[in-house]
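*Asks:* Sequences and hints are given; from them, build the entire structure.
For the protein sequence lines, the chains are A and B, in the order given. Using the numbering used here, you'd call the opening residue of the first sequence number 1 and step up by one each time. Using the numbering used here, you'd call the opening residue of the second sequence number 1001 and step up by one each time.
It should be emphasised that the hints constitute simulated quantities derived from the structure, not laboratory data. Quick reminder that beta carbons are idealized off the backbone N, C-alpha and C, glycines included. Take the hints with a grain of salt, since some may be wrong.
As the list claims (entries may be wrong) - In silico BS3-like cross-links for lysine-lysine, where the CA-CA straight-line distance does not exceed 30 Å:
| hint | chain 1 | residue 1 | chain 2 | residue 2 |
| --- | --- | --- | --- | --- |
| 1 | B | LYS1078 | A | LYS231 |
| 2 | B | LYS1071 | A | LYS280 |
| 3 | B | LYS1100 | A | LYS160 |
| 4 | A | LYS108 | B | LYS1072 |
| 5 | A | LYS160 | A | LYS124 |
| 6 | B | LYS1090 | A | LYS108 |
| 7 | A | LYS280 | B | LYS1090 |
| 8 | B | LYS1004 | A | LYS199 |
| 9 | A | LYS231 | B | LYS1071 |
| 10 | A | LYS26 | A | LYS326 |
| 11 | B | LYS1078 | A | LYS232 |
| 12 | B | LYS1100 | A | LYS326 |
| 13 | A | LYS216 | A | LYS124 |
| 14 | A | LYS199 | B | LYS1071 |
| 15 | A | LYS160 | A | LYS212 |
| 16 | A | LYS108 | B | LYS1078 |
| 17 | A | LYS160 | B | LYS1071 |
| 18 | A | LYS199 | A | LYS213 |
| 19 | A | LYS85 | B | LYS1090 |
| 20 | B | LYS1078 | A | LYS160 |
| 21 | B | LYS1023 | A | LYS108 |
| 22 | B | LYS1004 | A | LYS108 |
| 23 | B | LYS1078 | A | LYS124 |
| 24 | A | LYS160 | B | LYS1090 |
| 25 | B | LYS1072 | A | LYS160 |
| 26 | A | LYS199 | A | LYS108 |
| 27 | A | LYS280 | B | LYS1023 |
| 28 | A | LYS326 | A | LYS19 |
| 29 | B | LYS1078 | A | LYS199 |
| 30 | A | LYS280 | B | LYS1004 |
What the hints assert, rightly or not - If you anchor each label on the Cβ, the simulated ranges turn out as follows:
| hint | chain 1 | residue 1 | chain 2 | residue 2 | range |
| --- | --- | --- | --- | --- | --- |
| 31 | A | LYS392 | B | GLY1038 | 52 to 62 Å |
| 32 | B | LYS1078 | A | ARG324 | 23 to 33 Å |
| 33 | B | GLY1074 | A | GLY70 | 22 to 32 Å |
| 34 | A | GLN281 | B | ASP1015 | 31 to 41 Å |
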Amino acid sequence: MRNLVILGAGTAGTMMLNKLDSILDKEEWRITIVDQYETHYYQPGFLFIPFGIYTPRDVVNPKQDYFPPGVESIFAQIELIEPEKNQIILSNGRLLPYDYLIIATGTKINPQETEGMAGPEWHKSIFDFYTIEGAKGLSRFLKYWEGGRLVLNITEMPIKCPVAPLEFVFLADWWFTEQGIRDRVEIEFVTPLPGAFTKPRASAVFGDFLGKKNIKLIPDFNIARVDSEQKKIVSWEEQEVPYDLLVTIPTNMGDTVIERSGMGDELNFVPTDPHTLQSKQYENIFVIGDATDLPSSKAGSVAHFQSDILQENFLSAIEGRPLRAKYDGHANCYIESGFGKGILIDFNYDTEPLPGKFPLPGIGPFSLLEETRMNHYGKVMFRWMYWNLLLKGAELPIESEMLMAGKRL
Amino acid sequence: MPEKIIAGKTVNVDDEGYLVDYKEWTEEMALEIARAEGIEELTDRHLLVINFMRAEFEANGTGPSIRRLNKKSGVPTKELYQLFPGGPAKKAARIAGITKPQGCV
Ligand SMILES: Cc1cc2nc3c(=O)[nH]c(=O)nc-3n(C[C@H](O)[C@H](O)[C@H](O)COP(=O)(O)OP(=O)(O)OC[C@H]3O[C@@H](n4cnc5c(N)ncnc54)[C@H](O)[C@@H]3O)c2cc1C
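*Replies:* See the structure below:
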């Protein structure tokens, strides 16, 4: 018997579990998956909770419901990975030996990395929306807010779902309009990037949207501290931005188990081959999803494209064949832009988001880098696809490799 | 590819003025690039950062992020911004003669 252990039963871990369970020979392989929590959160849904579009109940399901029968699932904290000994130590003291390991422990926010952020005003006038607690807190806060300065701040890159902060301010603009108080709210988008987004063409398009929606862009702002008494954020160069409500995307880091195990970079992300998804240090370890140090986006769609590549390379690895499948950095993101519309971007390591059409057999085409109702439906549909197809490792009508068809250069 | 004469030497630069081949860099060039960026003198602290940037680039093929710079070189983040006003990662990369650090997506 050979042991495959999967660390983390979030988007990527659950997907890999289902894919590999359906193809590995059960006489030969024992598969074990470990996670600390029993509840699976549909994280893209967190964006909608502050505005009352989704309730917390709309974004949860038991993890167990997505595990195929016959696999061993363990709910416990992972204490340590010992790659030299090919074993895992759980916090309950249990040892898990493995022949192959898949790391899918994701990333989470670390407000304590920024001075003054996680203090007494945390979840009172300073909120995140990357956790269920933050999203719920914001939803309560916004119900009673009379208006003022809403400042959205990205602490540092990389962050998971790098378009989510833009979606948040787009939706806020729509929501305050619906509430009839848009004229009493100033919205500012404060980012360490030189523009609205990372890549030039998309950045220009999103910058225009911000302008049209009367949202002020403050670029090149690297936050040093939050002064929660004076209600202002201060950059390393002493630039100050006052707020009444601060919505922050705190520093995103990999889990501390990666640090404890000495396997991460300065943000606890695991050095990973950008094409094969094999760990750069250990041949029998693969890494997928937000836990990697890849320069691709940290998104569910990315984890999905990676899962096809990882499946192929995993089969090659266990049979001693060279790893031929190559991940190209493909990402595909629906961006909610408010008022029932959305924008779609599709890109990879080498090709930045371009305008044009995105063909999707049976459903599409969607418009790229343009605001349409159809793109909004794409986003709405994504939740259904996530629970019913994506997590179960089913085929989606979309290629893992980025295609140029429809794109305009 | 555009060419540029820096400290008397003709070198290739990219569209944004970053050196294309970090091996063409000399310390004299660093001072000239720094002055064009508004930094009059290169102190030992500047040079420490610049040499660290070059070592990182040699090892990893890309310049470090500010967090990495801070963590691995030991220079406090606040000081990095004082040494290289307007963005330590990019500015120090330019002066160190390495390519622009890859932004993340
Ligand atoms: C607000 C928001 C909006 C988003 N919108 C989109 C979107 O529109 N489209 C899109 O594609 N993506 C979106 N994403 C991103 C997407 O949710 C993530 O990229 C995706 O969930 C990553 O999957 P993962 O498996 O790598 O990590 P996760 O799903 O986060 O799973 C990691 C798992 O590892 C477990 N774990 C970690 N450490 C330990 C430990 N020490 N012991 C035990 N268990 C551990 C965790 O409990 C967790 O279950 C969004 C994310 C957020 C926060």
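*Asks:* Look at each hint and say if it fits the structure.
*Replies:* For each hint, the structure was consulted:
Taking the CA atoms of LYS1078/B and LYS231/A, the gap is about 21 Å. The hint holds against a cut of 30 Å. For the hint pairing LYS1071/B with LYS280/A, the CA-to-CA distance comes to about 21 Å; that is within 30 Å, so the pair holds. In summary, the hint linking LYS1100/B to LYS160/A is supported, as the alpha carbons are separated by about 23 Å, within the 30 Å threshold. Restraint check for LYS108/A and LYS1072/B: satisfied, since their Cα atoms lie roughly 23 Å apart, inside the 30 Å limit.
This hinted pair checks out: LYS160/A and LYS124/A have alpha carbons roughly 24 Å apart, not beyond 30 Å. The straight-line distance between the Cα atoms of LYS1090/B and LYS108/A is roughly 27 Å, inside the 30 Å bound, and the hint therefore holds. Proposed proximity of LYS280/A and LYS1090/B is supported: the alpha carbons are some 27 Å apart, at most 30 Å. The suggested pairing of LYS1004/B with LYS199/A holds, with an alpha-carbon distance near 27 Å, which does not exceed 30 Å.
Taken as a hint, the LYS231/A and LYS1071/B pair is honoured in the structure, with Cα atoms around 29 Å apart against an allowance of 30 Å. For the proposed pair LYS26/A and LYS326/A, the alpha carbon gap of about 27 Å is at most 30 Å, so the pair holds. Annotation: proposed proximity of LYS1078/B to LYS232/A holds, straight-line Cα distance about 18 Å (limit 30 Å). As the CA atoms of LYS1100/B and LYS326/A are separated by approximately 26 Å, the hinted pair is consistent with the 30 Å bound.
For the proposed pair LYS216/A and LYS124/A, the alpha carbon gap of about 24 Å is at most 30 Å, so the pair holds. The straight-line distance between the Cα atoms of LYS199/A and LYS1071/B is roughly 27 Å, inside the 30 Å bound, and the hint therefore holds. This hinted pair checks out: LYS160/A and LYS212/A have alpha carbons roughly 26 Å apart, not beyond 30 Å. Of the supplied pair hints, the one linking LYS108/A and LYS1078/B holds, its CA atoms being roughly 25 Å apart against a limit of 30 Å.
For the proposed pair LYS160/A and LYS1071/B, the alpha carbon gap of about 22 Å is at most 30 Å, so the pair holds. For the hint linking LYS199/A to LYS213/A, the alpha-carbon distance of about 21 Å falls within 30 Å, and the restraint holds. Proximity of LYS85/A to LYS1090/B is assessed by CA-CA distance (about 41 Å); at most 30 Å being required, the pair is judged violated. For the hint pairing LYS1078/B with LYS160/A, the CA-to-CA distance comes to about 26 Å; that is within 30 Å, so the pair holds.
Distance restraint check for LYS1023/B and LYS108/A: the Cα-Cα separation of roughly 39 Å exceeds the 30 Å cut-off, and the hinted pair is therefore not satisfied. Proximity of LYS1004/B to LYS108/A is assessed by CA-CA distance (about 44 Å); at most 30 Å being required, the pair is judged violated. Between LYS1078/B and LYS124/A, the direct Cα distance comes to roughly 28 Å. Compliance with the 30 Å bound is thereby established for this hinted pair. With a C-alpha separation of about 23 Å, the suggested pair LYS160/A and LYS1090/B falls inside the 30 Å cut-off, and the hint holds.
For a cut-off of 30 Å, the pair hint linking LYS1072/B to LYS160/A stands: about 24 Å separates their Cα positions. Our distance criterion of 30 Å between C-alpha atoms is met by LYS199/A and LYS108/A, whose separation comes to about 24 Å. Taken as a hint, the LYS280/A and LYS1023/B pair is honoured in the structure, with Cα atoms around 26 Å apart against an allowance of 30 Å. Our distance criterion of 30 Å between C-alpha atoms is met by LYS326/A and LYS19/A, whose separation comes to about 18 Å.
A C-alpha spacing of about 27 Å is found between LYS1078/B and LYS199/A, which places the hinted pair at or below 30 Å, so the restraint holds. For a cut-off of 30 Å, the pair hint linking LYS280/A to LYS1004/B is broken: about 38 Å separates their Cα positions. Separation of LYS392/A from GLY1038/B is about 57 Å and conforms to the stated range, judged on CB atoms against 52 to 62 Å. Range check, LYS1078/B to ARG324/A: Cβ separation about 48 Å, and the 23 to 33 Å hint is violated.
For the pair GLY1074/B and GLY70/A, the beta carbons lie near 51 Å from each other, so the given range of 22 to 32 Å is not met. In this structure the supplied range 31 to 41 Å holds for GLN281/A paired with ASP1015/B, their Cβ-Cβ distance being about 36 Å.
Checked against the numbered hints listed earlier, the structure breaks hints 19, 21, 22, 30, 32 and 33; every other hint is satisfied.
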